[in-house]
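Be aware that the sequence shown starts at 1, since it is given in the numbering used here, and climbs by one per residue.
Everything hinted at is true.
Once the Cα atoms are required to be at most 25 Å apart in a straight line, the calculated SDA-like pairs of lysine to any residue come out as:
#	residue 1	residue 2
1	Lys68	Thr42
2	Lys68	Gly110
3	Lys68	Gly51
4	Lys68	Phe152
5	Lys68	Gly78
6	Lys68	Arg142
7	Lys68	Arg151
8	Lys68	Asn87
9	Lys68	Asp143
10	Lys68	Glu88
11	Lys68	Gly116
12	Lys68	Glu90
13	Lys68	Ala56
14	Lys68	Tyr55
15	Lys68	Thr85
16	Lys68	Ser50
17	Lys68	Gly144
18	Lys68	Arg82
19	Lys68	Thr91
20	Lys68	Tyr107
21	Lys68	Gly79
22	Lys68	Gly80
23	Lys68	Tyr104
24	Lys68	Leu52
25	Lys68	Arg86
26	Lys68	Pro58
Since the hints were made in silico from the structure, they are not lab data.
All values derive from a computational prediction rather than experimental measurement.
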Amino acid sequence: MQRLRITCMAGSLSILFVALVVTLCLGAEVESVDRHLVRYDTGVVYDTESGLEWYAGPDQGMTWAQAKNWVVGLEAVGGGWRMPTRNELETLHHIGDGVSNITYLLYNSGYWLWAGQTSDTSSRWLFSFSFGGEGWGGWAPRDGGRAVAVRFRTTY
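Make the full structure from the sequences, and use the hints.
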């Protein structure tokens, strides 16, 4: 497969250009666009500013270990997924995006997403989309943390 590197400029024209190139290269079709995020019919959400691709996990509460197992086993759209860092999760937080301040393109009815870092065997990093807070927790929140997978776009 021939590699094509895309550098995105601000504005919706550049997002449409990226969407067109992906459609031509991979056959994936654009379902929706939200600011700098593009959702394809494959379920992948591409961030044109960071170059990250996101894939939403099941919309159900789970422990950090369950979230990690889901991400590690995810082979959707070519695999290569990992748990996000807390800084990567923060890039998705946007006040006013639905009930939980995260884009509707990564639908999630919970308020907390798990990150990949751990401080020790009993603590796991969480990011709260309800208020933008983050922290270590030894247990899942009452509504359970949610999983999301991330990877850098490397093949286009």
